[in-house]
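2 protein chains.
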Amino acid sequence: MSDYSPARPCRLADVPHWDIETDVAVVGFGAAGSCAAIEARQAGAEVDVFEIAAKGGGSASWSGGEVYVGGSGGTSVQLEAGFTDATDDFERYLLMAGGPAADAERVALYAKHGVEHFEWLKAQGVPFKGTYLPGKWIEPTTDDTLLWSGSEQAWPFCRHAAPAPRGHTVQYTGWGGGKVLMERLCGRAEALGARVHYGARTLCLIVDDSGAVRGVVVRLDGKAWCVSARRGVILCAGGFIANQEMVKRFAPQALDCKQQVTGGNDNGSGIRMGISVGAATLNMQEFFATLPFFPPASLVKGIFINSRGQRFINEDAYHGRVAHYVLRQPQGRAWLLVDNAIFGRPVIEPDIAIAAVGESWEEVEQELGLPEGALQHCVEEFNRYAAKGEDPYFHKGAEWLRPLSEPPFAAIAYSPEDTNFHAFTLGGLATLPSGEVLDADGEPIVGLYAAGRTACGLPRWGEGYSSGLSLGDSTFFGRHAGRTSAQRNSAQAIEAPTSGWQPASG
Amino acid sequence: MSDYSPARPCRLADVPHWDIETDVAVVGFGAAGSCAAIEARQAGAEVDVFEIAAKGGGSASWSGGEVYVGGSGGTSVQLEAGFTDATDDFERYLLMAGGPAADAERVALYAKHGVEHFEWLKAQGVPFKGTYLPGKWIEPTTDDTLLWSGSEQAWPFCRHAAPAPRGHTVQYTGWGGGKVLMERLCGRAEALGARVHYGARTLCLIVDDSGAVRGVVVRLDGKAWCVSARRGVILCAGGFIANQEMVKRFAPQALDCKQQVTGGNDNGSGIRMGISVGAATLNMQEFFATLPFFPPASLVKGIFINSRGQRFINEDAYHGRVAHYVLRQPQGRAWLLVDNAIFGRPVIEPDIAIAAVGESWEEVEQELGLPEGALQHCVEEFNRYAAKGEDPYFHKGAEWLRPLSEPPFAAIAYSPEDTNFHAFTLGGLATLPSGEVLDADGEPIVGLYAAGRTACGLPRWGEGYSSGLSLGDSTFFGRHAGRTSAQRNSAQAIEAPTSGWQPASG
Chain A
330 MSDYSPARPC RLADVPHWDI ETDVAVVGFG AAGSCAAIEA RQAGAEVDVF
380 EIAAKGGGSA SWSGGEVYVG GSGGTSVQLE AGFTDATDDF ERYLLMAGGP
430 AADAERVALY AKHGVEHFEW LKAQGVPFKG TYLPGKWIEP TTDDTLLWSG
480 SEQAWPFCRH AAPAPRGHTV QYTGWGGGKV LMERLCGRAE ALGARVHYGA
530 RTLCLIVDDS GAVRGVVVRL DGKAWCVSAR RGVILCAGGF IANQEMVKRF
580 APQALDCKQQ VTGGNDNGSG IRMGISVGAA TLNMQEFFAT LPFFPPASLV
630 KGIFINSRGQ RFINEDAYHG RVAHYVLRQP QGRAWLLVDN AIFGRPVIEP
680 DIAIAAVGES WEEVEQELGL PEGALQHCVE EFNRYAAKGE DPYFHKGAEW
730 LRPLSEPPFA AIAYSPEDTN FHAFTLGGLA TLPSGEVLDA DGEPIVGLYA
780 AGRTACGLPR WGEGYSSGLS LGDSTFFGRH AGRTSAQRNS AQAIEAPTSG
830 WQPASG
Chain B
330 MSDYSPARPC RLADVPHWDI ETDVAVVGFG AAGSCAAIEA RQAGAEVDVF
380 EIAAKGGGSA SWSGGEVYVG GSGGTSVQLE AGFTDATDDF ERYLLMAGGP
430 AADAERVALY AKHGVEHFEW LKAQGVPFKG TYLPGKWIEP TTDDTLLWSG
480 SEQAWPFCRH AAPAPRGHTV QYTGWGGGKV LMERLCGRAE ALGARVHYGA
530 RTLCLIVDDS GAVRGVVVRL DGKAWCVSAR RGVILCAGGF IANQEMVKRF
580 APQALDCKQQ VTGGNDNGSG IRMGISVGAA TLNMQEFFAT LPFFPPASLV
630 KGIFINSRGQ RFINEDAYHG RVAHYVLRQP QGRAWLLVDN AIFGRPVIEP
680 DIAIAAVGES WEEVEQELGL PEGALQHCVE EFNRYAAKGE DPYFHKGAEW
730 LRPLSEPPFA AIAYSPEDTN FHAFTLGGLA TLPSGEVLDA DGEPIVGLYA
780 AGRTACGLPR WGEGYSSGLS LGDSTFFGRH AGRTSAQRNS AQAIEAPTSG
830 WQPASG
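Chains as they are written, first to last, in our numbering: chain A, 330 to 835; chain B, 330 to 835.
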């Protein structure tokens, strides 16, 4: 069995017999896989799910259970809290959040159906209390469920898209809503008749002579099982942050982040299986990264500087965006400057180092070893404008502008060397919004689908990430992949040409 | 014939008969392909080269003909000009130049054999006059051949690796040495008996049931020819800068650069063929970019600022590094500030816009619409330290430090919107230094090799590029791929298992 590798497919001709026959084989039972299974079942397909862990949920069950949705005027929760959210604004925000590689078609689809998708999640039994938590949070510490979870109110996003809070968190007190979300989604899939095989490691894809995917080889109970998937295989096996070798090759900058955000099985096997049959990958270098420097929210009133004494970001942007800007400063070094009025021990990293303290900014500058006058000038400039409620340099929102003028002053060390940045990968297989996996020419590979972090989806730019984007993307496009695969004409599956190649004679 | 696509391989079983049989099939007759052909022939292999253009040379023949080499104490040219160049320094420089994804093994091999490779190029008949041109140039305007062509003398490179000039340019007066280089290399390959087919578009790879590459399908004289390559196929088909659709998908940030650096056939077909048989790609988002802002070299004494009035780079770094820093400034906007003493019309972009002129820096600041005091402070700080020959912020070399204090003052617009940035792609197939193409698990794909911009080679980070790296990489690792392929045990080729898969029964 050691001969199997996700990087090499098994030929159909080498399958001695089918151990399992099904319509749709889903690899991975996390956010994407569970939703794919639900939809595929509801479309009338037989579904077998292969999950490597002893239980379902994947990395999503370790998350805060936040889903980024809005548009269509507003979700019921947004409306109840007094917010409206036009589809256009939602769409523009998502486009900006997608960065240079944003997929306009995928964004438009998600923006248009965000509210509907939220209703669907509720219909699956996922609880949302529907109350609004104002302020700047990472995740609610109460069981309130609507919060600002991205850069909506921050420059430059707020200039192009009317802001609305779109983080819809599963009802749960404190961190852990992801567990509830996944219990409901996995339970629903099983209730609908998806056959879930736990402790099942998918070893490789099975392809026929035309290059169409016909099934998977799975290790189950110590044996290799050949699984026929008449209507398709859906890869929902997560990203690759837990595979150090892949991170090193494909996203080496993520190595600066010591803390992997994963349930443990994001080993890239889904991506590698896709590559094995000619799939293209996109944005493999991109990753979510953060060191949440607040709460307390008062710290957002501080300013970040680099080793040149320069500011580099509006500090009220999403914490993950701030983190990416930190990572690209010289030597990855940056400090958050605070005064006595706003200082509070950071909740998430309480042991973060204070690099310098002084009764004047000059002392802090000297203690940090910055060029003479650099930090002082930067603070003076910030203070001069902040006193007027302005920030012409970085356009931080007025509510966060206040001169840093009450001693003692301090610089909080905010470099990845000093503390634990968190990361997961955003690159993956090229797909259509339908879930169909694409080859290097952008053509679908027959019988192969992907969603969640195995695919390059909605979130594809670390600097544009917002909490809830990955769960929103995984559940929504997981559903699409499930439906597309299940609705695939089974005649097409059977009549797939054994060879697509008829070379003309030379 | 429209059925063929580089993104889908042809099955061996679908080959009706071989139209051409050879040991090694080389796809593309540019810098990598010609060197691969030379070495494969010298190792005793039959070689057929398939070149899409009507003549050889590829994009390399449109280049300046500069090869980045050094180490082993120094090349004959370096030594004659009074420079020494330890292998360690060369290696450390190349490692830094490779960025986060640098390949230490590849770098070490190149650093160790750089001088030997330079001698080899001379032995092929490539002329190097062997004279040194001091100063800061893009390419020599004389027929001198040794010049500083990277960031060797600039921070941070100079702190870690003793600098030496390593740009060895083919003897030719003015721009165009690449033509001479390629005439010699292509001529040499043909003289050694490589059969070169011009006007031959390679349509796809041919694979057997084990996944091993067995040949290519080529369109030649209006027909599709099936070519058996007993010892392997070497993909040397260039990068993908000439394929807008691929740039948009894989390296969207390169779209900011209006000028493609290509002979015209960098359409990514080699990369797509690799992907079609399960090859992994690396660094697909990376690209070389530049707008050479000098000569005249006096302009290097100016300072770049962004729309916040901040400096962001030591201006004596390689022009392509400066260009990448410009591209990542807010809105891609930046200006080069100059005074009357250093101003000279830029030679390469003489029509570049002067965005502001003034008798004081205050006037320039106002004309650019920057926050009040921002530009003035930046220039004051620069001037204050420059007068002492220091730049504690960005560590620009002392020879380029001079206060900008002689009016009138000007700001030269240096954004990609204003002018033509040049670009070519640096991402490609994952390979070993031997040229073997790797799958998603890092295992070689039997029978497939790649070099030049079809592979992710030595240059893999836009910010670390130095002129001559791509030609050095393509010629050196093209040779390796040719040798590896030719020396492949032909028994291995013949006895390759028809199937690598023997699934245990479930």
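Be aware that one or more of the hints could be misleading.
What the hints assert, rightly or not - Calculated lysine-lysine pairs in the DSS-like style (CA-CA distance at most 30 Å, straight line): (1) LYS577/A x LYS384/B; (2) LYS441/B x LYS577/A; (3) LYS384/B x LYS577/B.
Calculated directly from the structure, the hints in this document are not laboratory data. Remember, it's a predicted structure, so these values are computed and weren't measured experimentally.
A quick look at each hint next to the structure:
1. Our distance criterion of 30 Å between C-alpha atoms is broken by LYS577/A and LYS384/B, whose separation comes to about 40 Å.
2. At most 30 Å may separate the alpha-carbon atoms for a hinted pair to count; LYS441/B and LYS577/A meet this at roughly 24 Å.
3. Between LYS384/B and LYS577/B the alpha-carbon distance is near 29 Å, which keeps this suggested pair within the 30 Å criterion.
Hint 1 from the list above is the single one not met by this structure.
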